[in-house]
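Listed in order, the protein sequences are those of chains P and L.
For what it's worth, this note's numbering labels the leading residue of the first sequence as 1, then goes sequentially.
For what it's worth, this note's numbering labels the leading residue of the second sequence as 1, then goes sequentially.
Hints in this document: simulated from the structure, not taken from any laboratory.
Some hints could be false.
Note that the list lumps identical chains together, so a pair holds whenever it fits in one copy or between two copies.
[Claimed, not checked] As a list, the in silico DSS-like pairs of lysine-lysine whose alpha-carbon atoms are at most 25 Å apart: (1) K101 with K128; (2) K236 with K156; (3) K30 with K16; (4) K22 with K124; (5) K128 with K156; (6) K221 with K124; (7) K262 with K198; (8) K105 with K272; (9) K156 with K100; (10) K128 with K78; (11) K128 with K53; (12) K262 with K53; (13) K58 with K124; (14) K190 with K22; (15) K42 with K262; (16) K156 with K214; (17) K151 with K78; (18) K272 with K156; (19) K190 with K58; (20) K42 with K272.
Keep in mind it's a predicted model, so treat the numbers as computed, not measured.
2 protein chains.
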Amino acid sequence: MNQYIYGVDVGGTFIKIGLFSKQCNILIDKKEIPTPKNNHKKSIFAAILSEIKAFNTKHDICMDNILGIGLAIPCPTKNGYVSQCANLDFCEFDLVENFKKILPKHLIVKVGNDASLATLGESKSLDKTYESIVMFTLGTGVGGGIILNSKIIEGKTGLGGEIGHIKVYETNETCGCGAHGCLEQICGTKGILSFAKKQKQELGSILEEHFTVKDVFDAAKNNDQASINTVNRVAKYLASAAVNLAITIEPEIFILGGGISKAGNYFLDKIKEYYQANARFNTRDIPFILASTGNDAGMIGAFYYVSEYLT
Amino acid sequence: MNQYIYGVDVGGTFIKIGLFSKQCNILIDKKEIPTPKNNHKKSIFAAILSEIKAFNTKHDICMDNILGIGLAIPCPTKNGYVSQCANLDFCEFDLVENFKKILPKHLIVKVGNDASLATLGESKSLDKTYESIVMFTLGTGVGGGIILNSKIIEGKTGLGGEIGHIKVYETNETCGCGAHGCLEQICGTKGILSFAKKQKQELGSILEEHFTVKDVFDAAKNNDQASINTVNRVAKYLASAAVNLAITIEPEIFILGGGISKAGNYFLDKIKEYYQANARFNTRDIPFILASTGNDAGMIGAFYYVSEYLT
Chain P
1 MNQYIYGVDV
11 GGTFIKIGLF
21 SKQCNILIDK
31 KEIPTPKNNH
41 KKSIFAAILS
51 EIKAFNTKHD
61 ICMDNILGIG
71 LAIPCPTKNG
81 YVSQCANLDF
91 CEFDLVENFK
101 KILPKHLIVK
111 VGNDASLATL
121 GESKSLDKTY
131 ESIVMFTLGT
141 GVGGGIILNS
151 KIIEGKTGLG
161 GEIGHIKVYE
171 TNETCGCGAH
181 GCLEQICGTK
191 GILSFAKKQK
201 QELGSILEEH
211 FTVKDVFDAA
221 KNNDQASINT
231 VNRVAKYLAS
241 AAVNLAITIE
251 PEIFILGGGI
261 SKAGNYFLDK
271 IKEYYQANAR
281 FNTRDIPFIL
291 ASTGNDAGMI
301 GAFYYVSEYL
311 T
Chain L
1 MNQYIYGVDV
11 GGTFIKIGLF
21 SKQCNILIDK
31 KEIPTPKNNH
41 KKSIFAAILS
51 EIKAFNTKHD
61 ICMDNILGIG
71 LAIPCPTKNG
81 YVSQCANLDF
91 CEFDLVENFK
101 KILPKHLIVK
111 VGNDASLATL
121 GESKSLDKTY
131 ESIVMFTLGT
141 GVGGGIILNS
151 KIIEGKTGLG
161 GEIGHIKVYE
171 TNETCGCGAH
181 GCLEQICGTK
191 GILSFAKKQK
201 QELGSILEEH
211 FTVKDVFDAA
221 KNNDQASINT
231 VNRVAKYLAS
241 AAVNLAITIE
251 PEIFILGGGI
261 SKAGNYFLDK
271 IKEYYQANAR
281 FNTRDIPFIL
291 ASTGNDAGMI
301 GAFYYVSEYL
311 T
């Protein structure tokens with residue numbers, strides 16, 4: 001009998017739903033739908049369930065053969081409970097218990113933070129099995145996931161893996177989290193664009209008046225000094241956070257994911273250079289790689305998260 | 001039938017050996033012997049075995065009733081293997097395999113880092129069970145232990161928990177580890193005495209010409225400004241490291257151990273003050289407590305480390 005699991009990545013803008021074969025660990029089909037705008041505590045569950053029913057019909061699958069549903073959500077989560085969420089109206093809410101209420105009783109529901117589950121998803125795409133991984137997700141914000149002894153580190157209330165808020169420098173400017181000197185202030189979109197703008201004013205640049213983070217990386221590759229300085233700064237402080245993580249939890253591997261990581265080996269090599277100049281003892285040898293599963297990582301991780309509870 | 005376990009804490013100067021009842025989880029007897037000075041790869045095992053035999057005779061215990069031996073050692077260790085050790089001649093050495101060679105075959109041997117096992121030992125002395133703990137051990141150096149999901153975080157090669165080498169400030173002065181700006185440079189004995197000396201020169205002080213770390217804390221409690229500034233600096237940067245650990249692994253509790261922690265609640269309250277001013281979201285609520293098992297923590301942890309493998 002074939003058995004299936006749904007992996008779902010709930011984002012602020014889109015929800016990605018993937019149908020996976022439990023036996024073969026493969027993605028059979030996937031779909032992206034807009035995230036409902038209001039009444040998240042009900043509307044998101046309803047939208048997901050509706051898509052699952054449609055998938056089942058399309059693939060001629062009986063609900064009895066669905067074993068579970070994994071949800072990746074953009075909030076800190078602890079055992080499926082969300083105490084606070086900046087992106088969706090899930091505050092003080094038990095997603096597992098509430099989702100189960102509208103699902104057939106046999107279904108297992110597991111919920112995890114999207115960056116943590118993306119880390120799990122990425123780890124499963126690697127040729128080698130790693131028990132301990134740190135992934136940085138670089139985008140508008142800087143997030144991440146930590147897996148140690150093969151378990152996602154959720155932390156006491158779900159804040160495990162919030163590595164964008166490691167303090168890496170002294171500044172009077174305030175981060176969105178309220179602190180000063182967070183990694184995200186340098187490596188998030190806003191920080192990169194702001195620093196590049198100042199460098200452009202100071203040094204001149206091939207960057208046009210309105211530019212994106214991708215433009216900065218492209219210009220750096222074309223030897224634009226203002227952009228090179230900006231990319232070096234991002235690489236330096238990302239490496240600095242990695243050095244501190246290495247000496248505290250010493251993962252087997254660092255993975256670089258998220259939009260900015262598309263800058264590829266040019267960026268990765270700079271990070272490695274700063275890292276190796278500052279890491280100590282055996283931690284110097286920890287490899288850095290680029291994420292490879294792209295936007296599906298959270299959905300894939302959500303599948304594996306449930307799958308691990310079923311073995 | 002009564003069953004027993006030995007917990008052994010191998011330090012650079014002394015070896016502490018404790019005989020524990022497996023059934024009752026209690027320390028029956030303990031002894032401290034000097035650490036052999038030479039040929040550590042053989043002499044330390046021989047010294048421990050000799051004391052174990054003497055304990056067995058004293059308490060009329062047959063070796064068949066000893067289930068295992070736990071060793072806490074002052075080096076990074078991974079599954080009992082030590083690749084480098086500053087304190088003992090254990091470099092590139094498998095302690096478990098080599099100790100087993102001279103022991104009866106039925107004995108289980110487990111080896112862990114002393115600060116990590118002290119963390120485990122401390123955790124077992126608490127009224128509540130915690131799955132995730134970070135302990136700072138403050139002394140000549142600054143070390144620590146991290147337990148997450150009830151497992152010691154050894155790291156890829158044993159460097160997990162080396163929280164004294166988290167970078168917390170900018171400086172040109174070099175740490176013993178080769179980096180610049182480590183927590184240990186501020187919170188280790190050398191850093192404290194050096195800063196207090198400068199403060200004394202600048203502000204005057206009730207501190208005498210030759211003073212200890214304890215003198216600095218005592219003088220601070222007596223309103224000596226140079227000493228207050230020194231203690232505040234230690235508390236501030238310790239809190240800064242804790243803030244970064246909280247936002248990455250979010251433990252349930254922070255424990256403060258080691259010699260300096262004897263400064264007690266006066267010191268702990270200062271750390272908490274800086275911590276709460278800088279921690280974010282739910283991490284503000286993570287409690288800080290003082291270690292309570294004192295110098296026996298490593299030995300007790302070594303016992304529990306073996307004990308957990310036997311349940």
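Tested hints:
no. : hint           : in the structure
1   : K101 with K128 : neither (38 Å within a copy, 33 Å between copies)
2   : K236 with K156 : between (30 Å within a copy, 23 Å between copies)
3   : K30 with K16   : within (7 Å within a copy, 60 Å between copies)
4   : K22 with K124  : within (14 Å within a copy, 40 Å between copies)
5   : K128 with K156 : between (29 Å within a copy, 15 Å between copies)
6   : K221 with K124 : neither (31 Å within a copy, 55 Å between copies)
7   : K262 with K198 : within (24 Å within a copy, 49 Å between copies)
8   : K105 with K272 : neither (49 Å within a copy, 46 Å between copies)
9   : K156 with K100 : within (24 Å within a copy, 38 Å between copies)
10  : K128 with K78  : between (28 Å within a copy, 20 Å between copies)
11  : K128 with K53  : neither (35 Å within a copy, 45 Å between copies)
12  : K262 with K53  : neither (35 Å within a copy, 62 Å between copies)
13  : K58 with K124  : neither (27 Å within a copy, 54 Å between copies)
14  : K190 with K22  : neither (41 Å within a copy, 57 Å between copies)
15  : K42 with K262  : neither (35 Å within a copy, 53 Å between copies)
16  : K156 with K214 : neither (36 Å within a copy, 34 Å between copies)
17  : K151 with K78  : both (13 Å within a copy, 18 Å between copies)
18  : K272 with K156 : between (31 Å within a copy, 18 Å between copies)
19  : K190 with K58  : neither (43 Å within a copy, 70 Å between copies)
20  : K42 with K272  : neither (45 Å within a copy, 40 Å between copies)
Hints 1, 6, 8, 11, 12, 13, 14, 15, 16, 19 and 20, counting from the list given before, are not met by this structure.
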